Amino acid sequence: MIQFDGAAVQAEHPAPRQILAPLHLSLVEKRISVIGANGSGKSTLLKLINSLVLPTSGRVLVDGLDTSARGSAVRRTVGFMFTDPLSQLVMPTGREDVELSLRRRYRNREERRAAGERVLDRFGLGPLADQSVYDLSGGERQLLALATVLACDPKILVADEPTTLLDLRNEGRVRSLFRGLGQQVVFTTHSLDFALEADRTLVVDSGRVVFDGAPADAVVAYRELSLHDTGAAGSL
Amino acid sequence: MRGHASLLGAYIERDSMLHAAPLVAKFIPVAALSVLVLALNSAWATLAAAGLVSLAYLVGARLTVRELVQPLTRMWPLILILGAFQWFNAGPLTAFIVVGNIVVCVLAALLVTLTTESQRLLDGLVSLARPLRPLGADPDRLGLTVALMLRSIPYLVGAAEDSRDAARARGLERNVRALILPVFIGAVAYAHQTGEALAARGLMDAENDADAS
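If you read the protein sequences in the order shown, they are chains A and B.
In this text, residue positions in the first sequence follow this note's numbering: the first is 1, and each later residue adds one.
In this text, residue positions in the second sequence follow this note's numbering: the first is 1, and each later residue adds one.
Please note: incorrect hints may appear among the correct ones.
[To be verified] Among chain A residues calculated to face chain B with C-beta under 7 Å, some are:
no., residue
1, F80
2, E99
3, R109
Calculated directly from the structure, the hints in this document are not laboratory data.
Please read these numbers as outputs of a predicted model, since none were measured by experiment.
Glycine is no exception: its CB is placed at the ideal position from the N, C-alpha and C atoms.
When you get a sec, could you build the whole thing from the sequences and use the hints?
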């Protein structure tokens, strides 16, 4: 379970500014989508769960672990997937990157190699394992990024716009993979169809959760919000 | 960034004596050769070291002439500038020794990464760092840091090539700012991204760390 206990994020530089207003949420559903405009605070909300960002006030608990005090334990529980897979892949080839993820679990090199092969095969990436990550297509890279995260077998997967850079076919592949995952998944997206596949949806606007509920209702609320903003911009 | 550049210096699979040799058996001779050739500072030593390194590539590691020459194709602007500077300031012999020694040292260092799988390299670095544990060093973090530092070199080479192409496309190929600034900014962004990616996977956390935030 993920619990936001008045967690807020405030930036001090260049001038004091609230990035996220205090959140009071308990996330227990298996699939949770987060939608909202660019710069609304969605990514910050996700990074709070993995302790990549720490709350400046309040606290976030993941399975009872305080992200501010137990960062290492939280990171072992929560896998994080970035929007751009190249931000995530630090080794030159897929095989090396997956094996890097497995270093903690497998100290023996041969066991690590075998486990890496299994992970790559599970995602159909075996034939691409020794290619430069820069030579892979966007979809292949995103699958590889997902493989490197899931190699650590996290209990919770947090994904920041995992389909934004993908074409329609690859978006379908990633969505299909997400549907088959056993982990609790929290993801942000600009694809409203993808958001509808969740059990619960949060709408974030200007650092506040302005809607929290059923995905279909959330999408309606988000559309109204966007139309209102577009109308306001048009009347300027 | 260019795909080919990202694999510069990356492991090349071969069935060879050097591929099978333990990391320390490659690291020590490479370090010794580099120190020796720089200390001797003579054209004969440079030539002999170049011959030895070439032999190690072609026979010891069973790599091809193309794989031996490939790193030089990316180093040529540096070789040219340095060579010309030394030629005008100290004469052709010094230019040959200085440039030759740099090429020999780079090729020798690359031989280690070309013949050692990244995981073996990482394991080897962790083992080398283990004696430093009583001093408070974390061998896993130290090994990972060095391995990532080595891996960032091809990234920077690729970023420099991209920057050169971008400058050329805008007719700014002679503008030093247009060539260097994007590489510098890219390097900082790359370091930041890598740090965040490692943090997200918990790879820089100390083992069994209870409260390492």
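Hint-by-hint comparison with the structure:
A distance limit of 7 Å between C-beta atoms decides the matter here; for F80(A) the minimum to chain B is near 4 Å, and the interface restraint holds. A hinted interface residue such as E99(A) counts as satisfied when its beta carbon comes closer than 7 Å to some beta carbon of chain B; here the least separation is about 5 Å, so the hint holds. A least Cβ separation of about 6 Å between R109(A) and chain B falls short of the 7 Å threshold, and the interface hint therefore holds.
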